[in-house]
Each structure stands twice: as structure tokens, then as C-alpha cells.
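Chains as they are written, first to last, in this note's numbering: chain A, 1 to 318; chain B, 1001 to 1430; chain C, 2001 to 2252; chain D, 3001 to 3414.
Read the hints as simulated data drawn from the structure, not as lab findings.
Keep in mind that a hint or two might mislead.
[As the list claims (entries may be wrong)] To spell it out: a stretch of chain A is covered by chain D in this simulated footprint if at least three of its residues, at any positions, have a beta carbon under 8 Å from a beta carbon of chain D; those stretches are:
#1 212-225
#2 285-295
[Unchecked claim] DMTMM-like mimics (lysine to aspartate or glutamate), calculated; alpha carbons at most 25 Å apart, straight line:
#3 272/A with 3209/D
#4 2069/C with 2223/C
#5 3217/D with 126/A
#6 3410/D with 3349/D
#7 3186/D with 263/A
#8 3217/D with 2/A
#9 3410/D with 1163/B
#10 3186/D with 274/A
[To be verified] To give an idea of the interface, some chain D residues facing chain B are shown, with a C-beta separation under 8 Å as derived from the structure:
#11 3081
#12 3105
#13 3113
Where is the CB? At the ideal position from N, CA and C, for every residue including glycine.
What follows is each chain in one-letter form.
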Amino acid sequence: MDLVLVNLIDGLVTGLLLFMLSAGLTLIFSMMGVLNFAHASFYMLGAYFAYQISVYLGFWMGLLVAPLIVGALGAGVERYGLRRVHQYGHVPELIFTFGLALLIEEVVQFIWGKDQIPYEIPGILEGAAFAIAGNTIPLYKVFMIFLSLAIFGGLLFVLTKTRVGMIIQAALSYPRTVEALGHNVPLVFMGVFGVGTALAGVAGVIAGPVLSTFPGMAVVLGSIVFVTIVIGGLGSLGGALVASLIIGWMTTFAKAYDMRMEDLLTWMGLTKPEPIWDSAWQDLWTLTSPQVADILPYLLMVLILIFRPYGLFGKRDV
Amino acid sequence: MTATTHKPQSADFAGGGVTLAGLAPWLIAVAFLLVMPFIFTSNSAITIMNQMAITIIFALSYNMLLGQGGMLSFGHAVYMGVGGFVCVHVMNWDGFFSGLPLPVLPIFGGLFGMGLALIVGSFSTRRAGTVFAMISLGVGELIAACSVIIVVFFGGEEGVSGDRTYGLPVFGIEFLQQIEVYYLIVFWLVLSALGMFLFSRTPVGRMANAVRDNPERAEFLGYSARWVRFYSFVAAGFFAGSAGGLFAINYEILTEENLNLATSGTILLVTFLGGVGFFFGPIIGAIVFTLLQTVLSLQTELWALYVGALFVATVMFFPGGLAGVIMMHVPPLVLGKLHLLVKPYIKVLVPGLVCILATAGFIEILFHARHAALGDDEMTLYWVTFSHLNPLPWIVTGGLAVGGFWLARRHAPELAEAWHEANTDRRASA
Amino acid sequence: MSAALEITNLRKSFGQAEIIRGVDLQIMPGERHAVIGPNGAGKSTLFNLITGRFPQTAGVIALHGHDLKGKAPFEINRMGLSRSFQITNIFPRMTVFENVRCSLLWSMGYRYSFWNMVARSQALTEGAEAVLEQINLQTRRDIPAGMLSYAEQRALEIGITIAGGADVIMLDEPTAGMSHSETDYIVELIREVTVGKTLVMVEHDMGVVFGLADRISVLVYGEIIASGTPEEVRGNPRVQEAYLGAALEADH
Amino acid sequence: MRKTTGIGLSAVMATLLAAGTASADTIKIAFIDPLSGPFASTGTNGLHQYEFAAETLVNEKGGVLDGDTFEIVAFDNKTSPKESLVQLQVAIDQGIRYVVQGNSSGVAHALTDAIEKHNRRNPDDRVLFLNYSAVDPALTNENCNFWHFRFDANADIKMDALTDVIAEQDDITKVYVIGQDYSFGKAVSSAATSFLGEKRPDIEIVGNELHPIGKVKDFTPYSRKIVSSGADAVITGNWGADMLNLGKSVIDNGFDGPIYTYYAAADGITAAFGESGKDRLRLVTEGQTNPPPNDRAAAYIEAFKAKYPDGNMSQTRITNVIEMLAKAINEAGTATDVVAVGEALEGMEHESMWGGTLYMRPEDHQLIQDVLITVHTNEGIDYDLDNSDYGQRMEHRIEMAGMDSPTTCKMRRP
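Please put together the full structure from these sequences, using the hints given.
So this is what it looks like as C-alpha cells:
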């Protein structure tokens, strides 16, 4: 039972981190109708910038400044890249962000090299916060939870209580109308892209020290963020949150408990062929849940797209 | 360059019946393919050409989806990969393979690629656009992940290898040498390219274009957009699978990398670089990309950076790809005004090229200065050896880059004007 | 003689709002029928219901006596009904000739064939050329349809709609957004290409249809308030009221 | 469009010719390993060690035969089996007869298979494959061939040595085995289970599992299982980011026993573990650097570090490859007849710069050598890794490890 609680906390951390990425991606998609393939690359840039800043000014300045730089870069990409490609349609836009992701990875390698960089947790956050039955919960994870919650609080406030937030919210549901109402949509686009990428940047800053900072970190996380917002329903912030948590918990629990295919097959009334190593079905029989934990989200996405093409909470067609 | 008055429309011109003009490019291509090994005789050149030919088939197959059918796939590699794995397993099936002529083998790959496309297509082609793209991504990831889990079929990390020479000899040829494999691949290349070209000329191929442009209208012409997509998808699966079969013959090994997202992404890059709007676009893309990959990567560690930059620039400035750029020149050619462009081109492209090369040089020096071992300041660039501690190379490359850019910028309006002029039909407007 | 298109007590609601409130309509084969009405009367909704773009809430739509309920657009098309779109809806990246040829494929029995070469079929080429001649676009044959002028695109749209040989042709505001001379040209074109076919057209502008339609139905707030020959409809006081009322409202 | 091909290919040829016109008395060795992509740093570092070894150990000493020198020709395989085969073909075309490769057993399998086929089909330009790092046991067992020589101890031999050390520690009663889900991870797992069962039947394997390779973002759930299983030690075959993330996660989440592993040093990993991994990480490896076994080794490392201050002397077996190849060429009296060179290598004994004797076992072409257990620490470190003050200090030395280990290899000689 204690372990369940611990896993719930771990899953929450993963889920919230995913949400910080998927929230930005959802905002961008809702406004502009473009799936930003390079979103995780901005997450990576966040970690690298924060590392570079932390070398000179310490972790906290990195946390403060790196997301701003990432956001500014994101806005620049929208202004000088995406806006240009926009005229050719959505598929070229998607391809553009795909190319951008490749390019950013190369540029990061060019600047910081191909090795993992020693981006570390600040001393004040090292150590354990508390322990549950011998399982320590690191202080840094508690910090991550509170920081992400604070950011979502802020985001929620901006979206529901401010004029800009109203425009963005309206644009989520009725993008054309908002444009018709005479708002400077290109500027809003640029702003939203900047904010979305800045959020990804924040995620990178705080995830870098624990999930390690290396040129492949964007690829590792990239497609899973996509999967999250597709499962949640494109354009739905609530859906993105639910999907992030589902994925966080699903993968955590699949890894934490060794559910074996063998048990399932036996339960279905099949007999295990012996000796198993000569059987053509050996791989199926010996499958365990940790083996497949990280591909479960993809399976879930494909199933959801088949049966509910607009995702769990989406109103609009994908 | 970008300020064109005439946006190239990638219309699909369907030629008339079989004419000499329609046949000529094919005959020239075949002649070229047959002669190539006599010009480039080394085994490695042939290996590169084999690789190119396989990539061409794969890219053409991909363009059946993206260019012809408007379906953006992030998981096309799995059809090629599965076809290839099947072919390797056939190679390892002693009793059967020894009675099978090797040139027939890719058919098995094609059939299994098609079979997989049949299953996946049955649910993925219901929609185009983002739903299709996401399903292809999900299925691609799933199958790629399965490749390390299902060891029986995919062989785990080290993959599955076979030996092509155990097949039934064809006219005494056992396919021991690369050159023999080359002709086998060329045979399949011509066959597949012709097959795909003709497919685009069939009713369902034509409707694939219609569905790409406007699925709703196509439905009101009596065609279900879903089934039109489905047929294209299955056909693309066949050709991808047969490309996989050729891969199996050429490399005699299939591994996880034949299935993964990186390979699927690469073929998107190849196809888009070549140009999705024209049938021959992916062919150019495959040739250029293979050369970049093999030649450029011998020259510089940063090749992927340059390819990435090239790709992003293509998407931003030439969405029609290389083929689009080539076809932009057809209207001036038809009007007989191509010569008007020569001088402005020289004025813009030469400084532009200098700028690009100098920038690359600057980047190389910077990279060397940053990442080379201490004390190892010697480097060779454009056949010149120097030390990166010397400020001169920095100044020269930097200066050339800025100067080239400035010159190219200065002459750009001239080019734009010439371009406008070359595309204007005086007879019509007068 | 049975009706080509018969609509019985058709209803359609979007959420709370009922847009089509019990429409009955009978259109005989060979008849040119126009549905007119002021803005917001539900003309386009009615049109989209008939062509299977939206499902109806209640009622029956029958084409040659066959119920259309639950049929996908392509199935309805195969049953002999073809439609145009209010917003020009062609295949912009394909040539004019290709546009027309594509619309001939199904009716000529090619279905999902991948063993016939379209270019080798004499019948297809001739059929497409004939349609091009009908709509006067022979000279524009080989340019991408997206580069045509607006009026030409509308003409092409009509060409695509009639090419498949459907016997019931539905046109959705074919002259929307056109100048007078263009309108006259399109009306004349419609008259020529629909000889011997059943034509159902939706039109906002009454003037357009008077010379063209055999019968006119007037749709106001989701109901047919009048139906008859142009003269009958013109004289109907309720029609006058509806249009004048709408005009007055628009003035405010 | 076809013309483009012509121009492009002539560029290829120009490149190839340029590379091919080196002087006739160099013996070229193709280094086929990743120089771009995620494993580029390992590859680049390996290349530097080869270049340094060839220069210092052969060329500066007058070369082999009649003063022929070694030249390392680098080929970037991007860790892709397909690219490796293309580069192999290019290398063969350049007249190269010796191929060295090490990163990824997958690539090694592809190369050994391709080289075997090539040598069978082209008896005139045969090639030797000197595998310096790919440790999948299959390469010297069921998939062995005459052309393949392995200079690293294979995964089984290393596990044999490692379990010798674990067996001596009485306070270890529960062990958790975790690895990447592919051939090497599985080999480690099965070797650990069988050796422990043999040597210390009382040790309980409290967990034995595989996770997807390179796909796990967060190892916390695994660490939780390890901690709650009450394991005294962890054995893993993980490498790269999977090693670093697993190790850090296990330590962060409260595990306080030793972590026994294969690859947790250099290429940024030593630096990234730093203090947190001190006295916790134990590696099974070869080639003693701390303390340096002799003055020659110390001088060698210092010279290397002087030339490559950012580099690591992390793959000491590279010097063994170069020295033994040079010796074999001298013994065979030829560098072009690789059969003769191969036969000279078979059964060769050689005193390693890093201490101990090396013996190339003829039955399976597996080099038998001393295997070390080292600990990650900053105490008693003469030569650190990643310039982090931390390095690997030797704790145990198992001499001629796996000398009598069984092999299923049925070597077919030309």
C-alpha cells in the first residue's frame, strides 16, 4: 500500500512535467492549428540555457532567465519561420517544425557537444524530503510538483481572469471569430507561441537535472508529448492535463509492478509451451509490463484515434 | 530568388497516350542506369548507387502518400522494414530459397508490406491530415518498439541476416558481386518506378490527387475519399515492401533501424527535399540526399547540421523542393526567355554560393576551435591547411560570407525583375 | 410518374434551434425547380440535408423512391444525384481537363480501377472534351484550375457537377458573388447543360431564377410558404411580405 | 537530373581517389564507429586513442616490417549497421585490410557477418575484423568466424569475474539484476543468474528484469522496486544515458548498496556521477590505470592527456589491439596476406602495457586477459576521467579471467 502511494507521487511528477510541455503545445495548436514538432526541442534548449546560465549565475537565475530566452526564441521562430510557411498550408508547417527539431538538435550538439552535460540540482534542494516505508521522496521532486502547480495556477489565472486570456480562450474555440473581431491575430499567435515555448523551456530547466541533459533528450520526450495532447483531445487544456496524468501513472505503475503476459495467457486458458525457448511464441509468453511500459501511450493513442478521433476531451476534429 | 511573380503551381500534367516524348525520359534513364557501372567501377561507388536506387523506390512510394494522396506519414519505414525482414527470413528458409531465383524475392517483401498496409490502412485512412499523421506515428513507434521485443521475427538488436547467394542461380549468376546486385536492383527500380508512374495515371491514382486537393468534392463525384486513400496506401505499402526486399538483397541484414522513427523521418526529408509536386521529385531527392549522406559525411562531422539547415530552408523558401525549382524554369523556357535569367543568376548565385561556402567554412573553424583537442589547431578546409589560432581564416571566411551576402542581396531585385520579365508573355499581354 | 426527389416532413435541429421545420417538396423528373428565400431561411441547410452532408432530425428524403437516410455523399452521388457548392469547390492543383475527367470516372464505370490508364480511354477523353466545350473552357484546358478566374471556376464547378451524368442536379447559389453579365452567362450555361435533367437550385436572388425555373418554392424560417410557377409565386402576398419584411429588417 | 548523378558520383570518386593515393608503405586500418549522432563522443574518443596508439606504439618506433607505418582511417557509421556496411565497402575499396570497431554489438554482428561473406566471395581482398569493444558472447560462440578477433573480455567472462568478487562478500544476500531489453542486457542477466547460482546458491535474486533500451525517461519506478526489494547489490549491463539515469535514480531514491556494472565511466558519465556515485559504482573492466601498473603506462597516459586534455584513456585495450596487430604482421612477414596475419594472431601471447599477459585463444578468437573490478572514487586517483577528479581505482584483479571458459565456436579456417 505504501508503495502505491509512492508510485502515485512519482507518477504525478512525470505527469505534471508532461503537462507543462503539453499545455504549451495545446495552446499553440489551438491557436494556430499547427502541431509543433519542435516543441520538445525548446524543452531541451531550456535545459541547456539554464545550465549555461547556472555555470555563471547559479541555478535560480537559470530558472528565471532561461525560459525567457526560450520564449523569445520561440516567438522569433514563429515570426520569421512559421509565419512564412503558413501560406503553404498545415502539412508544410508540420514538416517545417519537424525540420526545425532536427536542426535544433544539431545546433545544440555544435555548441555544447554530444556528451551529457553536468547540469546539477542546486545544493539547497538536494536530499530527501520525507520517506514512505524506506522509499525516499527527494526534495527536488517536491519542488518540481510545487513549481508546476504554481505555474498552472498562474496560467489558469491569466486564461480566466485577464483580457488576453479571454481572447486566447475564445480563440481556442472560435479562432475565426476572434480574427473577425479585429484582434491582432498575428501578434497573438506570436505571443502564444512564445509563451508555449517558454513553458516548454521551464519544463526543461527543472527536468534537466533529474532526467539528464543531453542532445537526445528532445527525441526521448518529443513524440510522447504529441501523444499526450492527441489522447487528451487537441485544443483541450483539461484534456491535456488528464492525459498527462494518465500517461504518468500508467507508465509508472506498469514499470513498478511486474505484470506478466504469462499470467494473462494462462488466465485465458492457454498453456505455456515447454520448453519456452523453442516456441515461436516465446516473446509473447515472456512479455512483462515494464518491458512495454513506455510504448503503452502509443498503443493508447492509436486505439483512441480509431475509436474517438477527437481524443478524450476534444471538441474539434484532430 | 524568392521574389517570383509566378508561383509555381505543381499541377499534375497527365500526358496523352504513349508518345515518343513521353517515353524518352524513361529510355534515357534506363540507358544511363545501364552505363553507370562502366563509368564508376569501384565497388563502393556501386554500393552507393545501390543505396540510391533503393532510396529512390522508397521515396517514390512515400510520395504516393504525401505528394499524390496528401497523407503525411511518420511511419512509412515500417512497411519497407517488414518487407525486408520477410525477405531475409525467406533467404534463411533453405529448402524454399534454394529453389527461388533471387530477382523474384522482392515480391515477397512487397506482398508483406502490402499486407501490413492493408491492416493499418483499414483504420488509418479514414481521415487524412493530422489524424493520419498521428496514427502513422503511433503505429510506427509501436512496430519499431516491437522489433526489440519480438526477437523471433525481428532478431532483437542485432537484427536478422541472410545470404543472398543461396538462391537459385539465374543464368548462372549467383549474385556474389555487387555489380550483379546492381543490375538486379536497377531492374526493380525501373519496374517499380514505371509501376508507380502508371498507377498515378489510373482512375484511382487520379482520384488520389482529387482527394488530396478536396476530399469533400471527390465524395460528390461518387468516390469515397477513404477508399481512394486506402488503395493508394496499400499500393505504397507494396512498393515500400519491395524496396525492403532489395535492401535485404543488397545488405543481407535487416535491423531495428530499418523500422524506426529516424528512418521514417529521413524519407520524409528526402521526399520533401526533392519535391512532392512532381513525379520525379523524390528521385532527385534520393540522389541528392544519398550523396550528401555518403560524401558530405566523409568530409565533415557537421554534415547533419548542413542537411538540417538545407531542409528547413527548402521548406521555408522552396516548398516545391528541387523539382519545383527546376520546373519553375519551364515557363521561361517555353517563352524562349530563359537566356534573360543567365546574367542575373550569375550575379546573385555566385556571391550567394560564396556566402554559403564561407559561412560553412566559418562554422567549421569555429567547431574546430571549440571541440578539437588542445594543441591540435591544424585543420584543413577547402584544400587549405591552417591553424585555427590564426585570425586570418576567420577574417577571410567571415568577410566572404558577409560580402557574398551583401552582393547577392544587392543583385536580388535585378533577378526578381528578370524573373518577372522572363515569365511575362508579351504576345498575350500586347 | 413518380417524383425524382420527394421530401416529406423534413426537420432538422441544431441543439435547441429548429432550422428546418417540416418541409414537404415534390420535384418531378425533368423539372427545373428553384428554392428561394431570404437570408437565414435555411436554404443551405435544406440543401445539405438532401445531399447527405448533415443527417436529418426527422422526415424522409427519397431519390427516385429510394430513402437517402444514412447514406454517405458518395453513395448518394452513385444513385444519380450530383451537387455543386456555394463556395467554389474544385481541385485547384489539377488542370481544368483533369477536373472534368475525374468527375467522369465513376459514372463511366472505372470505380477504383488501378489497371486502366485514364489517358488511353478514348471515351474518357472525348467525354471530358465534350463537357469542356459545353462550359466553354476548351482554351483553358491545361492550366491548373486554381488559376482560373472566378466566373470560370464557377463554370467549371457546374461542369464537374453535370459531368458525371447524374439525372438530378443540385446547384447551391451558382451565381453568388457575380456581376450582372457573369450571372447572365452562368444562367444561360445552366439552362443549356441541364436540358432533360432534373434541376434543383437554391438561390437567394429571385431575379436569377424567374427566367430559368419551371417551378419555385419559397422557404422562410424553415418552412415552405409557397410553391408554384414563377408567376404564381411572384403574386403571392406572403412571399411579398417575407421578402419585404426581410428587406426592412436589413435596413435597421 | 540524371546529369546530377554523374557530377555527384565523380565527386565521390574524387574523394575516394584522394584518399587512395596515400603512400604505398602505410598499412591502413579502418576505424568504423560513430563520429556523429548520440554515441559520437565515445567514438571520437576511441578514434583519438587509436591514432595516438598507432603513432606512439608503432610509427614512432620505426613501424612494422620494413618501416611500414600504421594509418587510422576514420569512417563514421552513425551507429547504424547499414551505414557500417556501406563504409566497410568504401574501406575495402581503398585497399584497407584491417577493420576495427567496437561500439554496439548490433553493428559488430552486421560487420562480422558481412566480412565473412565478403572474404568467402572475394578471396583476393580479404579483411580482418578486430573487435575491440563489442562484448556480446555470441560473437565468439555460435557466430564466430576466423576473421573476427575480440580484444575485450566478453560479457560472460566479465560476469564470471564480477561474481567471483561478489561471492566473496558475505554481507550480500540479495541481488537485483536489471538491464536493457536486447541481446547484451539479456546475456548479462542470464550470466549473472547462472554464475551466482553456481558460486553462492544462498544469494537470492530478488529481481531480474529488462527495460526498453534508450526509451526510459525516468527510472524512478524501477528504483522503487529495487529499494523495496531489499536488495544489497544491483547488477546491470546498462550503458550510456540508461546507465547514468538508472544509477542516479537508484541512488537518489535511497538505495545504499553497491552497483556492479560494465560501462559507467568516461564520456561524461564519471563527471555526471561525481560525488553521488563515490564508492557505490563498481565496474568490471580491463586495463589498470589507477594506480598505474608501471611507468610506461603512466607515461603513456600522461602523453595522451597532454595531447588530448579533454580526452579519456578509457579504452586501454586499444593499445593491445595495435601492439598485437603490429606483432602479428611482423611475425607473418606480410601485411597484405590477412590469413597469415590472422594465423599469427591465433594463440599469440603478449605482455600488456597495462599489466598481465594477453592470450588470443585460438578456439574462438577471444582474448584472454586480466579482468579488474574497479571503484568510482576520488581517492587514490592518479588519472581521473572527464577531468572531474573522479576516476576508477582498481580493487580486484582476476588474472587470465575465463581462461577455461567454454565456447561453442566451431572455427572454420581458410
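Here is how each hint holds up against the structure:
With a cut-off of 8 Å between beta carbons, the region 212-225 of chain A has 7 residues touching chain D; three or more are needed, and the interface restraint holds. Counting residues of the region 285-295 of chain A whose beta carbon lies closer than 8 Å to any beta carbon of chain D gives 7, which meets the minimum of three for the stated coverage. Among the hinted pairs, residue 272/A with residue 3209/D is consistent with the structure: their alpha-carbon atoms are about 20 Å apart, no more than 25 Å. The hinted pair formed by residue 2069/C and residue 2223/C meets the criterion: a straight-line CA distance of about 21 Å does not exceed 25 Å.
Note on residue 3217/D and residue 126/A: the hinted pairing holds, with a Cα-Cα distance of about 20 Å set against a maximum of 25 Å. Taken as a hint, the residue 3410/D and residue 3349/D pair is honoured in the structure, with Cα atoms around 22 Å apart against an allowance of 25 Å. With a C-alpha separation of about 21 Å, the suggested pairing of residue 3186/D with residue 263/A holds against the 25 Å cut-off. Proximity of residue 3217/D to residue 2/A is assessed by CA-CA distance (about 23 Å); at most 25 Å being required, the pair is judged to hold.
Restraint check for residue 3410/D and residue 1163/B: satisfied, since their Cα atoms lie roughly 19 Å apart, inside the 25 Å limit. With a CA separation close to 20 Å, the supplied pair residue 3186/D and residue 274/A stays within the 25 Å bound. Among the interface hints, the one on residue 3081/D holds; its C-beta lies about 5 Å from the nearest C-beta in chain B, closer than the 8 Å criterion. Satisfaction of the interface hint for residue 3105/D is found here, the shortest Cβ-Cβ separation to chain B being roughly 6 Å, below the 8 Å cut-off.
Taking 8 Å as the C-beta contact cut-off toward chain B, the hint placing residue 3113/D at the interface holds, the least distance being around 5 Å.
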